[in-house]
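Residue numbers (our numbering), protein chains in the order written: chain A, 94 to 524; chain B, 9 to 124.
FYI, nobody ran anything at the bench for these hints, they're computed from the structure. It is possible that part of the hints are untrue.
Just a few of them, taken from the derived set where beta-carbon distance is under 10 angstroms, the chain B residues facing chain A [unchecked claim]:
| no. | residue |
| --- | --- |
| 1 | 11 |
| 2 | 71 |
| 3 | 72 |
| 4 | 94 |
| 5 | 95 |
| 6 | 96 |
| 7 | 97 |
| 8 | 102 |
| 9 | 113 |
| 10 | 117 |
| 11 | 122 |
| 12 | 123 |
In silico DSBU-like cross-links for lysine-lysine, where the CA-CA straight-line distance does not exceed 35 angstroms [claimed, not checked]:
| no. | chain 1 | residue 1 | chain 2 | residue 2 |
| --- | --- | --- | --- | --- |
| 13 | A | 187 | B | 46 |
| 14 | B | 38 | A | 259 |
| 15 | B | 38 | A | 187 |
| 16 | A | 322 | B | 102 |
| 17 | B | 38 | A | 220 |
| 18 | B | 95 | A | 259 |
| 19 | B | 46 | A | 259 |
| 20 | A | 191 | A | 173 |
| 21 | B | 18 | A | 187 |
| 22 | A | 259 | B | 18 |
| 23 | A | 261 | B | 46 |
| 24 | B | 71 | A | 220 |
| 25 | A | 178 | B | 95 |
| 26 | A | 261 | B | 18 |
| 27 | A | 324 | B | 95 |
| 28 | B | 46 | A | 220 |
| 29 | B | 18 | B | 71 |
| 30 | A | 173 | B | 83 |
| 31 | A | 178 | B | 83 |
| 32 | B | 83 | A | 261 |
| 33 | B | 95 | A | 322 |
| 34 | B | 83 | B | 18 |
| 35 | A | 261 | B | 95 |
| 36 | B | 102 | A | 316 |
| 37 | B | 102 | A | 320 |
| 38 | A | 322 | B | 46 |
| 39 | B | 38 | A | 316 |
| 40 | B | 46 | A | 316 |
Just so it is clear, CB atoms sit at the ideal spot from N, CA and C, and this is done for glycine as well.
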Amino acid sequence: MAAIEDVRVALNGVIADQHGRILSALIANLRDFQMAEDSLQDALTSAISHWERSGVPHNPAGWLLQTARRKAIDRIRRAKSFDAKSEQYGMLLKLDQKDAEDERQEEIPDERLRLIFTCCHPALDSKTRVALTLRTLGGLTTGEIARAFLDSEPAMAQRLVRARHKIKVSGIPFSVPDADAWPERLNSVLTVIYLIFNEGYSATRGDQQIRKDLCEEALYLAKVVDKLKPKQAETEGLIALMTLIHARKSARALPDGTMISIEDQDRGLWDEKAISNGLKGVKTALNRHELGPYQVQAAIQAVHAEAESFAATGWAEIMGLYGALMQYDASAVVRLNWCVALSFVNGAEAALNASGELAADLDQYQPYHAARAAFYRAAGKFEDADFAYGRAIELSENGSDARFLDAKRREAKKEAEQLLGLEVQQGGEES
Amino acid sequence: MQYLALIYSKPEPTPEYGSPAFVEMMQEWKDVTETYVKDGVMVSGNALQPVEAATSLRLRDGKLETMDGPFAETKEHLGGYYLLECKDLDEAIKYAAMIPTARNGTVEVRPIMDVG
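Could you build all of it, start to finish, from the sequences and the hints given here?
So this is what it looks like as structure tokens:
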């Protein structure tokens with residue numbers, strides 16, 4: 094007998110560590126995503142009653158895999174189209190036989206790399222890739238993923254069911270792509286991981302700025318990819334990029350969640366060990382001489398991390414790196430970041446001129462107006478700055494960003510009043 | 009699995025018959041078809057007459073209605089297809105990407121439903 098509480102703790106532990114591994118092994122056997130998911134659910138339900146009765150097994154993950162396979166055998170037998178001679182069914186019976194003979198229970202084969210390439214297949218839409226990756230590799234519940242996206246749970250469940258169905262009927266393979274498709278497909282995987290990280294980092298519509306668990310989930314997934322397919326410069330670049338950003342987590346928000354920009358952060362709160370790991374990671378990646386967009390972004394964060402203070406930041410270097418990034422991603426957002434670097438190198442007027450042409454693309458983008466407001470303020474155009482801050486605040490999707498921008502707006506107003514006061518004073522002396 | 013690669017593109021005037029541009033265009037289609045045959049993925053393929061030759065039909069309350077032209081107004085029209093035998097979607101995408109009009113039109117890849 095085991096206490097129900099102990100059973101739950103043990104079960105949650107296995108799910109947290111091994112969900113992706115068990116599910117990937119099961120999909121490799123069953124070649125059916127939905128059936129693997131359903132059979133694993135059956136096994137988890139069964140674990141609660143069995144483990145409570147006879148104790149937590151020696152190898153809980155192995156127990157779950159074996160039980161899930163048996164549940165799958167049951168499901169296949171019950172299906173209308175059941176064919177006792179089918180190759181798949183025969184193989185499952187053989188595996189089950191082997192399980193029964195081998196008391197120690199085999200080590201679970203690690204098929205997670207195939208699983209992540211399947212979940213991040215470009216034939217699925219971007220949001221579905223993120224959701225499916227979190228569900229299958231991260232072991233998050235459908236409810237947790239729904240909350241992360243502010244979707245209803247039934248809608249998210251539907252999305253996941255549809256995705257598994259599409260994988261099956263459209264023949265998305267459970268495999269690692271060929272060499273010729275590799276760079277593009279790896280990029281698709283890394284993009285999904287970085288989207289998860291950003292979702293955790295900036296919680297677009299929620300009110301809590303940092304959702305720590307999604308950031309750490311993304312780092313975990315990237316490290317899984319790196320472990321299973323080592324020495325990939327872009328994977329290493331992404332890990333370094335996320336590590337360097339995540340190192341600033343204690344410094345980037347007030348206790349009430351209000352964001353603190355990198356300019357105003359207390360650099361003493363940055364996690365030194367994480368920064369040193371991130372810097373090492375950037376170097377390792379760049380030394381492979383296979384440059385890619387994640388390495389460039391990591392290099393940009395490295396320049397920030399190495400600066401003693403905001404004023405001492407190597408802006409010319411950052412500007413050059415954004416220039417390099419444009420070769421991979423010439424989007425207006427990247428050009429805006431280049432303009433921000435430009436404002437520190439060549440002054441706010443130059444940045445105002447260069448960023449003007451981005452209005453068409455970025456008029457509905459909050460950071461665009463926030464950046465323009467800062468340029469106007471630095472150029473002494475306080476009325477324009479005030480207006481731009483107003484636009485940025487209107488476009489903010491969470492209270493944290495809005496509070497931050499409002500504080501900046503008031504700072505700018507105060508500065509304008511002080512300057513005005515100074516002028517009045519000087520005027521007085523003259524007369 | 010069998011995949012139908014549906015070839016959509018904007019109706020554009022084709023180069024004059026026999027002109028160098030025409031020869032070049034035909035060569036591209038010939039090349040891709042030959043690759044399919046050589047690699048053993050070709051099941052069949054055809055070009056279609058332009059949409060002016062299309063007739064759409066539907067039965068409503070048992071009554072046949074026919075219409076001139078394609079059912080939906082779209083900028084890109086279905087111009088032809090290849091039916092390919094591929095091991096999975098990745099292989100189907102690899103071959104469909106060789107279709108010359110993938111460069112300026114759209115190729116939709118749809119698995120054939122197994123009703124056996």
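>> Quick check on the hint: residue 123(B) CB to chain A CB, less than 10 angstroms?
In response: violated, 12 angstroms
> residue 38(B) and residue 316(A): Cα distance at most 35 angstroms?
Replying inline: violated, 46 angstroms
>> The hint names residue 72(B) as touching chain A; please verify it with the least Cβ-Cβ distance against 10 angstroms.
In response: Given a least distance of 32 angstroms, the restraint on residue 72(B) is violated.
> Can the restraint linking residue 95(B) and residue 259(A) be considered satisfied, given a maximum Cα separation of 35 angstroms?
Replying inline: Distance of about 16 angstroms is within 35 angstroms: holds.
>> With the threshold set at 35 angstroms, check whether the alpha-carbon distance from residue 18(B) to residue 71(B) stays at or below it.
In response: holds, 33 angstroms
> Are residue 187(A) and residue 46(B) close enough, with their CA atoms no more than 35 angstroms apart?
Replying inline: violated, 38 angstroms
> Is it true that the CA of residue 38(B) sits at most 35 angstroms from the CA of residue 220(A)?
Replying inline: Violated, because 39 angstroms separates the two Cα atoms, which is more than 35 angstroms.
>> Between the alpha carbons of residue 46(B) and residue 220(A), is the straight-line distance 35 angstroms or under?
In response: Roughly 38 angstroms between the alpha carbons, so the hint for residue 46(B) and residue 220(A) is violated.
> Would the pair residue 18(B) and residue 187(A) pass a check requiring their Cα atoms to be no farther apart than 35 angstroms?
Replying inline: violated, 54 angstroms
> Holds or violated: is the Cβ of residue 113(B) closer than 10 angstroms to a Cβ in chain A?
Replying inline: Constraint on residue 113(B) not satisfied, violated at 19 angstroms.
>> So if I understand the rule, the pair passes when the alpha-carbon distance is 35 angstroms or less; does residue 38(B) with residue 187(A) pass?
In response: violated, 48 angstroms
> Has the given pair, residue 322(A) with residue 102(B), been kept, meaning a C-alpha gap of at most 35 angstroms?
Replying inline: Within the cut-off at roughly 23 angstroms; holds.
Going down the numbered hints, you'll see the structure goes against 2, 3, 9, 12, 13, 15, 17, 21, 24, 28, 30, 31, 39 and 40, while the others check out.
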